[in-house]
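Student: Residue-level listing of the chains:
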Amino acid sequence: MTRVSKPVPAMMWTNVGVALKQGTLPGSWGLYDRQRPGGDVQRVLVLEDDDDLRTLLCDLLVASGAQACVSAASFEAMVRQQEQVLQCELALLDVNLGARVPSGLDAYHWLRENGFEGRVVFLTGHARSHPLVRQAHELTQARVLSKPVNAKELMALVRKPDGSHDA
Amino acid sequence: MAHTTPSAPPLRETDEQRARAWWGAFFATALTLLGEVAYIFIDWRVHAGDLTLPTLRALHVLEAVGLLALLVARRRTASSQLSAGVFTAVALPYLIIFAVAEVAMAALGHVWLPLTGHRLLMLGIGMLAPAGLKVGLGLIGAFALESVLLWYGLALDERLDMPWEPWITLVWGGTGCGLLVFRVRTWRIEQRLQKARAEAESLERVARLFLAMRDAANTPLQSLEVGVSLLQQRSPENAALLVTMERALSRLRSLTVRMAIADPLLDWDSEEESIDAEEVLRNLEESLTRELERRRH
Chain Y
1 MTRVSKPVPA MMWTNVGVAL KQGTLPGSWG LYDRQRPGGD VQRVLVLEDD
51 DDLRTLLCDL LVASGAQACV SAASFEAMVR QQEQVLQCEL ALLDVNLGAR
101 VPSGLDAYHW LRENGFEGRV VFLTGHARSH PLVRQAHELT QARVLSKPVN
151 AKELMALVRK PDGSHDA
Chain P
1 MAHTTPSAPP LRETDEQRAR AWWGAFFATA LTLLGEVAYI FIDWRVHAGD
51 LTLPTLRALH VLEAVGLLAL LVARRRTASS QLSAGVFTAV ALPYLIIFAV
101 AEVAMAALGH VWLPLTGHRL LMLGIGMLAP AGLKVGLGLI GAFALESVLL
151 WYGLALDERL DMPWEPWITL VWGGTGCGLL VFRVRTWRIE QRLQKARAEA
201 ESLERVARLF LAMRDAANTP LQSLEVGVSL LQQRSPENAA LLVTMERALS
251 RLRSLTVRMA IADPLLDWDS EEESIDAEEV LRNLEESLTR ELERRRH
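So the protein sequences, as listed, match chains Y and P.
Its first residue numbered 1, the first sequence is counted upward by one per residue in my numbering.
Its first residue numbered 1, the second sequence is counted upward by one per residue in my numbering.
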């Protein structure tokens with residue numbers, strides 16, 4: 001399969017996920033239409049304000065076995081995709097989504113309040129001592145990974161220890 | 001490889017040190033001016049017909065006026081040494097004036113309290129001498145010595161029934177020294193605290209800079225990390241090239257990890273405090289600009 005040459009807009013990933021689920025993915029989205037060992041696995045949510053990283057994370061997670069990737073650049077964008085977001089089994093949340101905007105912590109609370117039962121992993125490039133990051137560390141139902149996270153560790157989030165993918 | 005240890009730069013005289021020394025010299029000179037003007041008239045009346053003391057005091061007043069003018073002209077740039085010099089210059093003439101006054105008073109035969117000027121001046125030096133023991137202790141010592149010499153030289157111990165003199169004057173001198181030592185000690189403690197505070201602030205600024213740079217670098221680094229991993233999967237034929245990229249990434253990663261050493265130094269004021277690297281860097285740039293402006297003036 002050939003990779004799509006043009007950059008993939010962030011919001012399009014939602015459509016990719018839905019299309020994959022419904023089997024209606026257009027031909028130009030071949031990258032995500034391939035057969036992977038282990039078959040379809042889980043849907044993941046990536047909340048990250050950096051466009052490049054968000055795209056790459058989705059790319060990596062899908063390549064590593066995720067069924068689909070729902071991505072959002074902000075809390076508001078995530079809320080707008082409520083239905084798809086709440087179907088995810090894994091949420092990868094950036095703690096800091098920019099100055100004076102809701103943080104990854106707010107997204108976590110929103111997810112839990114709306115019945116999200118999947119795993120939550122925070123990504124942070126910031127000081128462990130910052131109150132927001134400290135709060136993230138105090139959450140028992142979430143993991144906190146400090147950027148830059150080893151790619152293998154990220155891939156392992158959607159893989160079982162035996163090398164197969166999560167069902 | 002030879003390592004060079006950077007030597008600590010000499011401590012710069014702070015604005016506060018200069019200001020304190022300036023105010024001490026200014027007060028002493030102004031008080032001298034007022035006191036000596038008053039004594040011109042007092043001596044005029046007490047030593048009628050003898051112009052020695054009024055003349056000496058008038059000369060002292062002129063000197064004080066000149067020194068005050070110098071201090072005012074250099075109020076922003078006067079160093080502590082200049083202020084100490086002014087203080088010494090305004091205090092030393094008292095040695096001559098007091099000696100002449102005591103001799104004149106002894107000759108008059110009036111009832112008077114000898115060595116009063118010495119006592120007051122020694123206390124004044126203790127309270128106003130620019131911070132530094134040498135000048136203050138030297139001046140107090142000189143006035144204490146002169147008081148003893150005058151007491152015995154003028155045979156005041158035989159003429160006056162004051163068995164406590166000149167010892168009580170020496171006690172005043174000791175009190176002046178005590179005051180001076182207390183002031184210098186307090187000043188040094190303040191100086192150490194100020195230095196510690198400045199160092200802490202400087203370290204926190206460095207820590208914030210480290211943090212901001214690390215924060216700004218971590219997301220692109222993460223993109224590179226993920227990108228390289230994807231390339232390793234998709235372009236295995238470029239394995240050798242990707243290994244070198246991986247090594248470069250690893251070096252950058254260890255650099256950002258080392259920057260994390262400054263984290264514990266940070267004292268976050270509130271949960272709302274921005275962790276936006278751009279904003280932190282912008283604030284630091286503004287602080288540096290302000291500091292540069294301050295140093296230019």
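Don't read these hints as lab results, they were simulated from the structure.
Treat each hint with caution, since some may be false.
[Said to hold, decoys possible] To list a few chain P residues with every Cβ distance to chain Y over 12 Å, as calculated:
hint, residue
1, A58
2, A73
3, L92
4, M105
5, G141
6, E190
7, L211
8, A217
9, L224
10, V257
11, E278
12, R290
[Claimed, not checked] Which chain P residues face chain Y? A few, computed with CB under 8 Å, are given here:
hint, residue
13, L230
14, Q233
15, R253
[What the hints assert, rightly or not] Selected chain Y positions facing chain P (Cβ under 10 Å, derived; list incomplete):
hint, residue
16, A73
17, H126
18, L154
Yeah, the Cβ is synthetic: ideal placement off N, Cα and C, and Gly gets one too.
Student: Run every hint past the structure and note whether it holds.
Tutor: Each hint, compared with the structure:
Separation of P:A58 from chain Y is adequate, the least Cβ-Cβ distance of about 68 Å exceeding the 12 Å criterion. Residue placement check: P:A73 keeps its beta carbon more than 12 Å from all beta carbons of chain Y (closest about 50 Å). Chain Y leaves P:L92 outside its interface by the beta-carbon criterion, the shortest separation being 58 Å against a cut-off of 12 Å. The claim that P:M105 is not at the interface with chain Y holds, since no C-beta of that chain comes within 12 Å of its own (minimum 73 Å).
At roughly 55 Å, the least C-beta separation between P:G141 and chain Y is larger than 12 Å, which holds for a residue marked as non-interface. With 12 Å as the threshold on Cβ separation, the claim that P:E190 sits away from chain Y holds: the shortest Cβ distance comes to roughly 30 Å. The non-interface label for P:L211 is inconsistent with chain Y: the shortest C-beta to C-beta separation is roughly 5 Å, within 12 Å. Not every beta carbon of chain Y lies more than 12 Å from that of P:A217, the smallest distance being close to 8 Å; the non-interface claim is violated.
The claim that P:L224 is not at the interface with chain Y is violated, since a C-beta of that chain comes within 12 Å of its own (minimum 8 Å). With 12 Å as the threshold on Cβ separation, the claim that P:V257 sits away from chain Y is violated: the shortest Cβ distance comes to roughly 9 Å. Distance check on P:E278: its Cβ comes as close as 8 Å (rounded) to a Cβ of chain Y, failing to clear the 12 Å threshold; non-interface status is violated. For P:R290, the condition that its CB be more than 12 Å from all CB atoms of chain Y holds, with the nearest at approximately 22 Å.
The interface hint given for P:L230 holds, since its Cβ lies 6 Å from the closest Cβ of chain Y, which is under the 8 Å cut-off. Because the smallest distance between the Cβ of P:Q233 and any Cβ of chain Y comes to about 6 Å, under 8 Å, the interface hint for this residue holds. Residue-level restraint check for P:R253 holds (minimum Cβ-Cβ distance to chain Y is 6 Å; threshold 8 Å). Because the beta carbon of Y:A73 sits about 13 Å from the nearest beta carbon in chain P, more than 10 Å, this interface hint is broken.
Nearest Cβ of chain P to the Cβ of Y:H126: about 5 Å, under the 10 Å cut. The hint holds. Taken as an interface hint, Y:L154 checks out: its beta carbon lies about 7 Å from the nearest beta carbon of chain P, inside 10 Å.
Against the hints set out earlier in the document, violations occur for numbers 7, 8, 9, 10, 11 and 16.
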